[in-house]
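**Q** For reference, the chains in residue letters:
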Amino acid sequence: MHQAEERSTAASSNTVMLFLAWLWVGIPLAWGVADTINNATKLFR
Amino acid sequence: MAAFFDRAHSVAKPGFSRWLVPPAALCIHLCIGEVYAFSVFTKPMVQAIGVTAPTPGVDWTVPQLGWIFSLAILVLGLASAFGGKWVERVGPRLAMFTSAVFFCGGLIVAGIGVNLHLLWLVYLGYGVIGGIGLGIGYISPVSTLIKWFPDRPGLATGTAIMGFGGGALIGAPLSVLLMHRFADATGTGVSQTMITLGILYFIWMFVGSMIVRVPTEDWKPAGYVAPTESARMITSGNVLLDQALKTPQFYLLWGVLFLNVTAGIGVISQASLMIQEMFGVTAVAAAGFVGLMSIFNMGGRIFWASMSDFMGRRMTYAIFFVLGAILYFLVPTFGHIHSLVLFILAFLVIISMYGGGFATIPAYLRDLFGTVNVGAIHGALLTAWSAAGVAGPVAINYIREYQITHGVAKADAYSITMYLMAILLVVGLICNLSVRAVNERYYVQSQPATT
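Heads up: the protein sequence lines correspond to chains A and B, in order.
The first sequence runs 692 to 736 under our numbering.
The second sequence runs 6 to 456 under our numbering.
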């Protein structure tokens, strides 16, 4: 029972880490892509 | 503290998710990819003294500043070539941290150089010190990713190298934002921007070096069965760097990368001018086109590298060279018939394959030489990038100028350059089709390639 709880805790902390790590790189990248697309629309105006 | 950076201390504990390694790699590549955004500093740096306009004889010139980027790319190639073995030995954590120290330290030294108006200090900072950080950082996560993703090496390395293409998408607007914030009546804000970037990027890269882990020797993904025999040119052995340098495959791939990069640089260096002169679009719209190309350069890295896991590396490069040559050949025609849409589409596909070429090469090397020394071999191969980065633009500009001074119209001069690029890609195709599996006599012992 104790081992199962530990595994569950480890799995959820792993999920949180994954989420945070991808946010850490995803947010700036999404900002950069959005800014570039915004500028690129001038090509079609 | 020093022990923390040891390879032994970065071995993953049971339960570690391998999907944490790509964002760790992205932390490095998204930062060092800033080098592609260096051109945003050019205009403010040529008026560093004059502030509102260049002061002739005192302010730096565009050709003087052009050497900063070239030097950084040249040192990148040298650092990755000579630092590859060291990176393999110490592991990704120390390599990533070292990259952060050099790249961010280089930015800060360059910022001080701009502040003191000492060009040699900017060359030393951004070009040499920063260039070492670029080279070490570029190769540091590659072999680790390949070991974590033996089932999808193209996807894994494509994700990281996508970051290098995407770095400019963050670096350019961030630099503009900071320069706008720091500029005043006495300065353009370049110095403060470079120093701030150095600090911000260091934090970002440091997090990456903290997250990264290497798998244990016997680790493999659930359900994955390593190939027991060489298939589809995927080796079951390992080749060390010294032996790899003796194989024809290394030099054929060097040629493949060199020709793919040279042809891609033909697009990057001329696209903005071409679209303005052939279609009469404004400079602002042309800048938008260049931005769109950056997105396809980034997207092509993950798309083509992932596709290569299914199609095979040789087939993927064959598509680059055949489709690229056809499109280069057609670009002048699109100009003559004034089809802006076809012109843009052609360039976007070409640039996606340019990025795809960078991202697929580590998996190609892994297929041919195994995983043990793939980082070092990749580092050595990146000298092709340095060579193309210097030779490509010089050759293209020289050919174009030669034609114009001999009476060829500007639009036609572009056409001839595009046809030459098509020919280069045909040569690349021949190199690619000549690649065969590495002879087993180059294998080290009889170890299997995959962990």
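To be clear, the hints were calculated from the coordinates, so they are not data collected in a lab.
Hints should not be assumed to be uniformly reliable.
Cross-link-like lysine to aspartate or glutamate pairs, in silico, DMTMM-like; alpha carbons within 25 Å at most [to be verified]:
#1 B:K225 - A:D726
#2 A:K733 - B:D223
#3 B:K90 - B:D247
#4 B:K90 - B:D223
Chain A stretches covered by chain B per the calculated footprint, using a threshold of three residues with CB under 8 Å from any CB of chain B [unchecked claim]:
#5 705-711
#6 719-732
Where is the CB? At the ideal position from N, CA and C, for every residue including glycine.
**Q** All hints are to be evaluated individually against the structure, with a verdict given for each.
**A** Hints, verified against the model:
With a C-alpha separation of about 40 Å, the suggested pairing of K225 (chain B) with D726 (chain A) is violated against the 25 Å cut-off. Of the pairs offered as hints, the one joining K733 (chain A) and D223 (chain B) is violated, with about 53 Å between alpha carbons and a cut-off of 25 Å exceeded. For the hint pairing K90 (chain B) with D247 (chain B), the CA-to-CA distance comes to about 10 Å; that is within 25 Å, so the pair holds. Of the supplied pair hints, the one linking K90 (chain B) and D223 (chain B) holds, its CA atoms being roughly 22 Å apart against a limit of 25 Å.
By the rule of at least three residues with a Cβ nearer than 8 Å to a Cβ of chain B, the coverage given for the segment 705-711 of chain A holds, with 3 such residues. Beta-carbon proximity to chain B at under 8 Å applies to 11 residues in the segment 719-732 of chain A; the threshold of 3 is reached and the given coverage holds.
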